[in-house]
Every structure is written in structure tokens, then in C-alpha cells.
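Enquirer: These protein sequence lines are chains A and B, in that order.
For this note's numbering, add 2 to where a residue sits in the first sequence, where the first one is 1.
For this note's numbering, add 2 to where a residue sits in the second sequence, where the first one is 1.
Hints were generated in silico from the structure; no laboratory data involved.
Among the clues, some could well be false.
Since the list can't tell identical chains apart, any single copy or any two copies may satisfy a pair.
Unchecked claim - Derived pair list, reagent style DSS-like, types lysine-lysine, alpha-carbon separation capped at 25 Å:
(1) K177 <-> K242
(2) K177 <-> K235
(3) K34 <-> K235
(4) K177 <-> K205
(5) K242 <-> K205
Protein chains: 2
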Amino acid sequence: MTYCVGLLLNAGIVCLSDTRTNAGLDNISTYKKMFTFEAPGERVIAIMTAGSLSVTQTTLARLDEAAMDIEATPETSILLAPSMLQVAEIIGQTLARTSQEVAGRLGGSAASASASMVVAGQRVGGAMRMFLIYPEGNFIEATPDTPYVQIGEHKYGKPILDRVVTPDTSLSDAKKAVLLSMDSTVRSNLSVGMPLDLVVIEKDACRISESRRIGERDPVFREMSVAWSVALKDAFSGIKV
Amino acid sequence: MTYCVGLLLNAGIVCLSDTRTNAGLDNISTYKKMFTFEAPGERVIAIMTAGSLSVTQTTLARLDEAAMDIEATPETSILLAPSMLQVAEIIGQTLARTSQEVAGRLGGSAASASASMVVAGQRVGGAMRMFLIYPEGNFIEATPDTPYVQIGEHKYGKPILDRVVTPDTSLSDAKKAVLLSMDSTVRSNLSVGMPLDLVVIEKDACRISESRRIGERDPVFREMSVAWSVALKDAFSGIKV
């Protein structure tokens, strides 16, 4: 499985993904699920992926190839598309086409060719936007009412987001929120695992402001995880029934 | 959907169930999912149900009828069975038979005849035991390593159980833990809803020690829910990244 979460805040965008993939419980690997495209100062795009690895890898490779093509046009390249909406449309179309091709090859086999993506970013002069792209290529968008999107194993990590994240949340609190959301998920679902990839995009920077891989032994993450456990137990002790 | 959780502790048994049932999102009702059978001082059994209402109601009615039958035997009545294991077996057989019958009537329709149950209790002289009974009638048992079982929407409410519940947890803390576990679930899944049914069975009492319905406006539950929200936000603020 997978857990990826993105927050769209007034101060910027925060994205966090895990790296565990599995084909059955006996075949576990580490693959990056966080991809960034940048024309620094002009546009920045972060993409997170969940689902069939063959579909997500091929989709990303095609997006990359289309963007690097010397005959690329605003209709084909996410680095030339005139708006984040059109970036989402190019990605949705590429994902749906790839997924259909793979599904056709799989025929009646039990393997799934389903995949979904989170796409977030900003083009200079435009607003920051964040989309959840479904396997069929259609999408929904994060809004002030629900300023986050999740793909993969979303349940364990959702309560903390619902409690602490609003559009006014600071980037520093937002990083904490997604890391604690991930911590709850990693604890409960073996198919979500370390290391993690964190990307922060400050508003109007139109470039990656922070990109960090957080390993199993990362002292800051471990300390935060332990402190959260202790704080939760203390909070529990303090409640009267 | 449903959320039911049972804790098997050194001090006793704590069971909590919601009451929401739905046939589609446009057909929501309130049905009890907590049932108790008692021969006070000799045995006590609590049963919680999840899944197809027609299956769980018929299963409970059959268990009740078999227990009330003047020709009841230890093989057919959960009030006469010589051990909690055999109580679980009678319930498992009745559930599986009812489920198969309903599935047969449903034929190829999309409706499900699947249901699961939590069975907990004690017979005088025996140990307290707690079983999760699967739709096919087989079951697993709570152990000191994992002193709780859940049926229905288990994900949202699991992290708090994993963090605070051990076999040594007091009954008072256990009540708090299941209520907070339910609180997280009710917040996140609309198909789990108030009122709640709480049952506590103290060790070796062989009777229901406490049985309480907790309504939407229950002041203690509301206060706890608000206090937990505040405590979580405070805990969040206190964490440094």
C-alpha cells in the first residue's frame, strides 16, 4: 500500500509520502513516490503516487519525456501548460491512458492497474493548487473547507489532520501534522513504511523550498514520534470520564 | 457500517458498540448491536454484532430461542454450554448457518449476508474469554499480546487502543479508552453513530457489572470528547519538529 498526504495552506504546500511498495506480503521494496518538476521562479509541481507501480512509473516517465521533448507544446508538457488546472489535465490523461493500456495487458488477471496521484504546485502569477487525480483521470481539488488530500491508506492518519489543519496552519505546524499523521499510519499498517519524502513549497516561491528524505533512524522524526506517544498518554491520563 | 470494540483485561471485560445501521446512505436507522445473556453468579455473556442486520437479528433470535427451549441441552444452549469455548462454537455455528441460508436466498444479488460477532464472558470457575467470530463461524481469541478485538470500522479507533491498552489497564481507564476510540470513529465515519451501548463485566462477578446507553447529549461523553480534542491540540502544540 502507500500513504501520501498533501496540505494546501495559505502559507504554502506541504507534501509527504512513504516509500514502501509490495506485491504480496512477501515481496516488499522501497520506491520513491514523490516527484518534482521545476522551472525555478516560473513554476513548481510536486506529484505523489499510489497504486500499481508499473502504471505510476510509466505515467511519470511519459510526463517526463513529454516535458523534455524539443517539440513539446503547452498541450503536452506539464512544464509548458498555461495553468495548474491544465497540468492536472495532462497528468490525468496520461495516467488514465497508461492505466487502460496496462489493464488491457493484464486481461482477466487479478493484478490491478489502478493508480491515483496527488498533484500540487503553482505557476507564477497563478494560485497554488492541489489535486487528487483518480485512476480514470478525473480529479478533485483541495479547498479551504478541506485543505488536504490523501491517497493510499488514509484512515489512520486522518483524525489528526481533521483536528489540527486549517488553511491558516503555519508551514512548521503543517510539517508536524503530516509527520504525525504518517507516524500513526506507519504504526498501524505494515504496508506503509519508512523512509519518507517531504517536500515544502512556500507560497509564490514557484520553486521547491525544502526537500528532505527522512530515514528510519532520523533523530528528529524518532524524537517527535516518541514525544507524541508520551503526549498522547499524558493527554489520556488527564481526561476524566 | 458499525464499530464494536471489546477489551479483555485482568480486571474484567469492557464492551462498547454503536447503534447505526444503514442500507445505503439514504436509509439510516438505529438498532442495538449489544446483547447480554446472564445466569447471575453462574455465567455472563455479552455479544456484539456487525454486518447484515437480517443475519445478526436471526442469529440472536435463534440463540435466544435455543436457550429458552425447555428441551435445551449443553450442545444447543449458550446458557448451558460447559465453557466459553463451547459458547463461541454454538454462536459460530448458528451465525454460519444463518448466513448461508440468507446468502442462498439472496442468490446473485449484490446484498451481503456476511456478519461477524464479538463474544465475551465468563462461566463460574472458568477464565474470562473474548472471541471474534467470523462470518464462516470460525473465530480468534483476545490474548495478553492483543487484549482487544474490533468488528466493523476498526481503523480510526485502533491507534489509541494500541497506545494505551494493556492487560493491566484498569476498568476505568478501559472505559475511557473505548469511548475515545469510538469518538475518533464517529467523527470520521458517518456510518458509525450514537447512541452507544457500554457493558462492563468485572472479573469473577459472572454478571453484568454495568450496562449503560450513552446518548448523543450525554454530558459526560460530550465533555470527554471536547476535553480529548483540547488535550490533543495541546499535545500537538507541545511537540517540536
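Enquirer: Against this structure, judge whether each hint is valid.
Expert: Outcome of the hint check:
| no. | hint | verdict |
| --- | --- | --- |
| 1 | K177 <-> K242 | between (31 Å within a copy, 11 Å between copies) |
| 2 | K177 <-> K235 | both (22 Å within a copy, 15 Å between copies) |
| 3 | K34 <-> K235 | neither (33 Å within a copy, 31 Å between copies) |
| 4 | K177 <-> K205 | within (15 Å within a copy, 45 Å between copies) |
| 5 | K242 <-> K205 | between (42 Å within a copy, 23 Å between copies) |
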